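**Student:** Next come the chains, spelled out residue by residue.
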Amino acid sequence: MSATHADTIVMPTRKSPVPAITFAGLILILAILPAFVYPIFVMKLLCFVLFAAAFNLLLGYTGLLSFGHAAFFGGAAYVTAHALKVWQVTPELAIIAGVVTSIVLGLIIGVVAIRRQGIYFAMITLAMAQMFYFFCLQAPFTNGEDGIQGFSRGNLFGIIDLNETMNLYYFIAAVSVLSLALIWRIVNSPFGQILRAIRENEPRTISLGYSAQRFKLAAFVMSAGLTGLAGALKALLFQFATLADVAWQMSGEVILMTLIGGIGTMAGPVVGAGILVGMQNFLATSGLPVTMVLGGTFMICVLLFRRGVVGEFLHLLERRKG
Amino acid sequence: MKNLKTIILSTVFTLSATAAFADPYRIGVLTDMSGMNYDLAGQGSVVAAQMAVEDFGGKLLGEDIEVIVGDHQNKPDVGSTLARTWIDEQNVVAVVDVPTSSVAMAVQEITRQKDTAFLISTAGSSALTAEACSASTAQWTWDTYALANGTGRALTQGGAKKWYFITVDYTFGHALEADTTQAVTAAGGEVIGSVRHPRETTDFSSYILQAQASGADVIALANSSGDTMTALKQMQEFGITEAGQKVAGMLLFLTDVQGVGLDIAQDLTLTTAFYWDMDDATREWSARYSERMEGKKPTMVHAGVYSAVMNYLKAAEASGQAKSGSKVMETMRGMDINDFFNRNAYLREDGRVVHDMFLVRVKKPSESTSEGDLYEVLATIPGNEAFASLENSTCPLVKK
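The listed protein sequences derive, respectively, from chains A and B. Sequential numbering of the first sequence, starting at 7, is according to the numbering used here. Sequential numbering of the second sequence, starting at 39, is according to the numbering used here.
Watch out, some of these pointers could steer you wrong.
Said to hold, decoys possible - The calculated BS3-like cross-link candidates involving lysine-lysine, where the alpha carbons are at most 27 Å apart (straight line), are:
1. Lys91/A / Lys271/B
2. Lys365/B / Lys437/B
3. Lys284/B / Lys271/B
4. Lys437/B / Lys91/A
Read the hints as simulated data drawn from the structure, not as lab findings. This one's a predicted model, so the numbers in the text were calculated from it and none came from an experiment.
All chains, please: the whole structure from these sequences, using the hints.
**Tutor:** Take a look at the structure:
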């Protein structure tokens, strides 16, 4: 995997206008998109884009493959849903409660998992996420297979009614763009450079005097928190939280999104989430066996586009230049 | 240039206008086309809905009716998005079937908001007609209470007094065990013990040994699908039924019995809403169904889908409109909804369709004459005994 990483590293030049233009373009697209595409679908897409981007922060930039991100996604979703339904707080407080939950979970799972590397790291995260899944299965407040369902989205800051689709749309769009900008900022900071250094050569980073464990834990917790934000938004959007959000399949799906899009690129998770969520939605009424088509797509990606769609595209650009 | 603009605009307007006017009424079958519920519901539900539309004559209030299909992949978010788009953009007037209770609950929130008819056949969560009930919903076929309660009561009355439970350890299993316990004690039996297992267990031997040693008359499986099938296979290895103990499945479908085979499932007692080989009417309908499904026998879910869609169309025609699901349901409450599937049936205000249920015994391989010949019907359970009464209902629509 390190071979593919090595040539996707693009050291950002400080004053490059590309990111600013990209973000401006993203905002513009999001502003006009609801005129053409069903807004609920776009919002769902944004939740998964954020989820995949948060996951990529860990896998792509720190080189840690977590198989337990569903715990943060679903945990935050459950707490947000419970806060809205039972505690009846305003949505922003419910989201904060969800994010705090995922940060705490991230801290607990992270402290244990980062002590090991590679497959052992992945297995520890999977095991702890499964423990959390069974906790959610049994805990009375999650209502087992029925999930937490049917609550009002409430008023943002007590004034903006989020039950209005377009209000909700602009709220979710704004939070998603800000979070993506935050991830971009983390990746392109000195902190992000050290994460990449750890990914490339951990012993060497340690020999340079950095405490790799602390950096890894920080990255893990940040990724967990942002994943939680995605889960909380999704719960707010759909007005339910169910076992599907904490099940291991959800952890698998986000890996799939990141791989198809392109590991270690900013745009990769965005494209990957778009492809996967789009396929799930559009294949649903096509009469084709969805899971088989998704599996086939994944195989084709692994065999033909090892760097993912975006990674392959960037690679092509590089080759043209060189 | 101006001409071109006019032409384009007028074409766009005509197209959008015809699209709006020629939109037929659509029935959306939202089911599992690629996962574990495919055999139980899946394609069979689609065919059953199409049969109902054809038998009805293909037209509702003078407009065409079209059946469309969605695969929710057992994901609540996919199901919820699909249902919402269908209703908002595709003139879907009824959403049908919906396996997996979390998806059904999510869809019910949307059909309630949009006042669209929701005809539930596969989902069996009792919550759908309890605290989460909706005026535009009809839960047609079964619920967990009816199956557990039916089997519990009938077996106890039949002389099997001492019960032992093997229960899956989460809300669903606990509820199933509690409902059955209530029925058993009400009928004069007693529960002498129970053991809990985690979901998706592969080794049931220690639980089975405890159940066997308890000396109970009945060992009840309060779990579902994969767990039930694994437990049944292992109980066969321990020779439970040969030693004289009865095994009862609290939540078991025709497809589960076919899945494990008669060798293993023989003599099992269970409750069902429908069996194809009950009388001429069920046989006639099932034969028509089998013809279109490569000889497969319909499950109770498939028969329920047909009956639900058929009665929905009748009620919509009678109420003079299809858009408001709650008005159609109101008409249906005053209607006779009896047919080959529904016996002594009526629709309650909480959305529960009350009808007779049947206690059946799985045949021995030697008694079975054909592939689909699986059950012997032991008794009819009157609807009012089978389903939970409205007395303790938590549904806000029930006036007390």
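**Student:** If a hint holds in the structure, say so; if it does not, say that too.
**Tutor:** Each hint, compared with the structure:
1. Lys91/A / Lys271/B: 42 Å, violated
2. Lys365/B / Lys437/B: Cα-Cα ~18 Å, so holds.
3. Lys284/B / Lys271/B: 14 Å, holds
4. Lys437/B / Lys91/A: 24 Å, holds
Of the numbered hints given earlier, the model fails hint 1 alone.
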